[in-house]
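Participant: So you can see what is in the structure, the chains are spelled out below.
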Amino acid sequence: MWKTSIGLKLIVAVTGVLLYLFVIGHMIGNLQVYLGPNALNTYAEKLRALPPLLWTVRIGLLVIAVVHITLTITLAFQNRAARPIRYVRKEAVEASVSSRTMVYSGLALLGFVVYHLLHLTWKLTNPQYASLRDAHDRPDVYAMVVLGFQNPVASVIYIAAMIVLGFHFTHAFSSFFQTVGWSTPRTRPTLERVALILAAIIVVGNISIPLSILLGVVHLPTGGM
Amino acid sequence: MNLTLRVWRQKSPREAGRLVTYQARDIIPDMSFLEMLDVVNEGLILKGEDPIAFDHDCREGICGMCSLVINGVPHGHQSGTTVCQLHMRHFHDGQTITIEPWRARPFPVLKDLIIDRSAFDRIIQAGGFTSVNAGGAPDANAIPIPKEEAELAMDAAACIGCGACVAACKNASAMLFVGAKVSQFLHLPQGHPEREARVRNMVAAMDREGFGNCTNTYECEAVCPKNISVRVIAELNRELRRAAFRPPPAKRAVGAG
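Those protein sequence lines, which keep their order, are chains R and Y. Position one of the first sequence corresponds to residue 73 (the numbering used here), numbered consecutively onward. Position one of the second sequence corresponds to residue -14 (the numbering used here), numbered consecutively onward.
Treat the hints with care, as some may be off.
Some but not every residue of chain Y turned toward chain R, in silico, with C-beta under 7 Å [what the hints assert, rightly or not]:
1) V58
2) T81
3) E85
4) P93
5) K96
6) I99
7) N222
Restricting the straight-line Cα-Cα distance to at most 30 Å, the calculated cross-link-like pairs of lysine-lysine (DSS-like) are [claimed, not checked]:
8) R:K75 <-> Y:K(-4)
9) Y:K132 <-> R:K162
10) Y:K96 <-> Y:K32
11) Y:K155 <-> R:K75
12) Y:K32 <-> Y:K155
13) R:K195 <-> R:K118
14) R:K118 <-> Y:K32
15) Y:K96 <-> Y:K132
16) Y:K211 <-> Y:K155
17) Y:K211 <-> R:K162
18) Y:K132 <-> Y:K211
19) Y:K132 <-> Y:K(-4)
Chain R residues, not near chain Y, derived (Cβ > 10 Å throughout) [said to hold, decoys possible]:
20) M73
21) V89
22) Q150
23) L179
24) V225
25) H243
26) V252
27) V276
28) V289
Rather than coming from a laboratory, the hints here were simulated on the basis of the structure. In this text, a Cβ means the ideal position worked out from N, Cα and C, and glycines have one as well.
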């Protein structure tokens, strides 16, 4: 089973759905930026105070992402080899743009994730973030987010990446059900609608953060910093 | 009608092919696409040129031989139709039509628009059958089958193995074909004894042939001349997973008794 193309696709689907769930959890955590510095910094501190959980999730995510990406690329190479001579003229009748560009949107997201980690997790692009402390002498994640997104270039990169993520997820959600064999002609339209709604929620939820910061709705506390 | 045809010409599997332009003159709109090609070929023969080689057999939409990609779509833009049942009234006077063969590594071009589809035969040989003794025909109602199940089996069995699904898929995947063949046995009691071995062997044969993988773009369903649903692909995925958790049965004496 696991040596077949269908077995590999199943692993891609399951690892993909785990990454999908992580993105939803990540967004819910990040939306606490609207509750103010204390809420976000407390949340961040709680995560950090649970090293076994934090590192299990981190290592788990890394393994899942590596498996998802490696297998996808392996399958993509097989797919390319299956048609060595291209059509002179080829038209898509049914296939959506998101379904035909999954490998490209996936690679773009990989690039974004690397930048995202350099920017906000490892703070390599902005080392000054590491010294930010809040009134309770905790790492000031809130200030880091606000200062990060006050840079329009960073915000535009995030917004563009979230649109690509939405594109990727639109196809990924319903595709998962087809690959595991739980999709039927009756449920397919509903699954595709749910995919679209969930992708829209994730995109709007995540994009709202840089937009709110750029528009000044979310800002650093007066007197702070 | 007068048309400009851009046709893929390739002398042999080893030689490189190219598009050659021909004029198709005085085409009657009620002609089928293949009849239009017949007219063009008559002209080529009269001029002493090599006629365009293309596959065809029944010309009734049931054999699955006519395999042409017309203006970028296998079997042309008319949905649920084979090339032989595609009529020239769906084109307009003065139109340019590009005609190419199916493109997939497991379907090598033999000549011009003719491809070798024996990869499909080898997949069928791997499990697309039931090992029962061929005796006298049993009564049609000897084994009662729920109507809905019979319909699902018949819908899948409508696959004519033309390969348009492979031709349309951006990955040249054969999963609609294999899914249809697995599904037609899955919904009938006769298919159950060899259920696990069938799906295992057919998927292994499919992979061996070098077809690509399904990425659920559903382009196959859109071009299938028999409107086979991608439901059969979901069933194929499910069947393989089910088979993975069941050990292969002890060897049975097939055909004995």
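Participant: Compare the structure with each hint and give your call.
Facilitator: Results for each hint:
1. V58: holds (5 Å)
2. T81: Status violated, d = 10 Å.
3. E85: Check passed: Cβ of E85 of chain Y comes within 6 Å of chain R, closer than 7 Å.
4. P93: Status violated, d = 10 Å.
5. K96: Hint violated; K96 of chain Y Cβ to chain R Cβ min 15 Å, cut 7 Å.
6. I99: At about 15 Å, which exceeds the 7 Å cut-off, the nearest Cβ of chain R leaves the hint on I99 of chain Y violated.
7. N222: At about 4 Å, which falls below the 7 Å cut-off, the nearest Cβ of chain R leaves the hint on N222 of chain Y intact, so it holds.
8. R:K75 <-> Y:K(-4): violated (38 Å)
9. Y:K132 <-> R:K162: violated (39 Å)
10. Y:K96 <-> Y:K32: holds (20 Å)
11. Y:K155 <-> R:K75: OK: K155 of chain Y and K75 of chain R at ~22 Å, within 30 Å.
12. Y:K32 <-> Y:K155: violated (38 Å)
13. R:K195 <-> R:K118: Roughly 20 Å separates the two Cα atoms, so the pair holds.
14. R:K118 <-> Y:K32: Since the Cα atoms of K118 of chain R and K32 of chain Y sit roughly 85 Å apart, the hinted pair is violated (cutoff 30 Å).
15. Y:K96 <-> Y:K132: violated (44 Å)
16. Y:K211 <-> Y:K155: holds (20 Å)
17. Y:K211 <-> R:K162: holds (21 Å)
18. Y:K132 <-> Y:K211: Status holds; Cα separation ~20 Å.
19. Y:K132 <-> Y:K(-4): violated (50 Å)
20. M73: At about 3 Å from chain Y, M73 of chain R fails to clear the 10 Å cut-off, so the statement is violated.
21. V89: At about 14 Å from chain Y, V89 of chain R clears the 10 Å cut-off, so the statement holds.
22. Q150: violated (6 Å)
23. L179: holds (15 Å)
24. V225: Holds, because the least Cβ-Cβ distance between V225 of chain R and chain Y comes to about 33 Å, which exceeds 10 Å.
25. H243: violated (7 Å)
26. V252: violated (7 Å)
27. V276: holds (25 Å)
28. V289: holds (39 Å)
In summary, the numbered hints that this structure violates are 2, 4, 5, 6, 8, 9, 12, 14, 15, 19, 20, 22, 25, 26.
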